[in-house]
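If you read the protein sequences in the order shown, they are chains C and V.
Each step along the first sequence adds one to the number in my numbering, with nothing skipped, and position 8 is 8.
Each step along the second sequence adds one to the number in my numbering, with nothing skipped, and position 103 is 103.
Hints should not be assumed to be uniformly reliable.
Beta-carbon label-pair distances, calculated as ranges [to be verified]:
(1) V:Lys57 to C:Gly59: 31 to 39 Å
(2) V:Ile47 to C:Arg41: 21 to 29 Å
(3) C:Thr20 to V:Glu67: 42 to 50 Å
(4) V:Gly53 to C:Thr20: 41 to 49 Å
(5) C:Thr38 to V:Val50: 26 to 34 Å
(6) C:Pro70 to V:Lys57: 42 to 50 Å
(7) C:Asp57 to V:Lys70: 28 to 36 Å
(8) V:Ser26 to C:Pro8: 38 to 46 Å
(9) C:Asp57 to V:Ser30: 21 to 29 Å
Keep in mind that the hints were calculated from the coordinates and are not lab data.
The beta carbon of each residue, even a glycine, is placed where N, CA and C say it ideally should be.
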Amino acid sequence: DAGVIQSPRHEVTEMGQEVTLRCKPISGHDYLFWYRQTMMRGLELLIYFNNNVPIDDSGMPEDRFSAKMPNASFSTLKIQPSEPRDSAVYFCASSLRIRETQYFGPGTRLLVL
Amino acid sequence: GQQVMQIPQYQHVQEGEDFTTYCNSSTTLSNIQWYKQRPGGHPVFLIQLVKSGEVKKQKRLTFQFGEAKKNSSLHITATQTTDVGTYFCANSNSGYALNFGKGTSLLVTP
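Let's have the full structure, built from the sequences with the hints guiding it.
Given below as C-alpha cells:
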C-alpha cells in the first residue's frame, strides 16, 4: 500500500485566495483525520470522518474552513478565504478504528502571504 | 479526549547520552500511543501501551505505562543522531479520537 497520500505537498498563496488540500487514505481504513500543526499550538485535530461521515468538527477554527469526504478514498480540506494565520502544516491521517494506530500522510505545507 | 502534558518541551543531548520524555495526565488513561516525527516529516507510530505497569522495548527505546495509568515515559539509551525529532504521546478514551500531547523535541549533537 502506498500509505496516506496528500496533495499538494507545498502551497504558497495570497491572502484571500481559496486553498484546497487533498487526501487519499489507506484503503480499508474507516477513519480519516485532518490535523493542523504549528509551532505555537502543536498538533491540532480539526475534523474526523467515519465511513465518509463527519463525526467531530469541533476543531475546525472557523467558517472559513470546510472539509468533505465524498467517498472512501478521497477527502478535501478547503480554506476560503485564506489568511496568513492559516499558514501551517496540514496532515491527513487514517486508521482502521477510532482508537487504533493512525497513519499520517506527508503533509501539506501551506504558506499564506 | 483528556489532555496529556509532556515534559520536557525540548531536550538537547550529546550523542551517547540517555534521554527520557514524560507524558502525564490528571486522570486515568485507557491507553497511550507514542509517535515520532522527524524534522520536516510526519508523525510515525512507535508503540501502544494498554496495561497498567506495562513495559515494552524496541531496541534502545523503552516505553513504560504507569501503575496508575496516569503517566507514561519513553527512554532512549545511548542516543544517536538518528533519534533526532519530536516525540509525541497520544491517548484516546472510548469513542473519542486520539488526543496528542505537545511533544518533546530532541536534538542530538555528535
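Here's how the hints hold up against the structure:
Roughly 34 Å separates the CB atoms of V:Lys57 and C:Gly59, a value that falls within the hinted 31 to 39 Å. Separation of V:Ile47 from C:Arg41 is about 25 Å and conforms to the stated range, judged on CB atoms against 21 to 29 Å. Checked against the hint of 42 to 50 Å, the C-beta distance between C:Thr20 and V:Glu67 comes to roughly 48 Å, which is consistent with it. Checked against the given bound of 41 to 49 Å, the beta carbons of V:Gly53 and C:Thr20, roughly 47 Å apart, stay inside it.
A beta carbon spacing of about 31 Å between C:Thr38 and V:Val50 agrees with the range 26 to 34 Å that was offered as a hint. Roughly 43 Å separates the CB atoms of C:Pro70 and V:Lys57, a value that falls within the hinted 42 to 50 Å. A hinted range of 28 to 36 Å holds for the C-beta pair C:Asp57 and V:Lys70, which are about 30 Å apart. With their beta carbons about 40 Å apart, V:Ser26 and C:Pro8 fall inside the hinted range of 38 to 46 Å.
Against the hinted window of 21 to 29 Å, the Cβ-Cβ separation of C:Asp57 and V:Ser30 comes to about 24 Å, which satisfies the hint.
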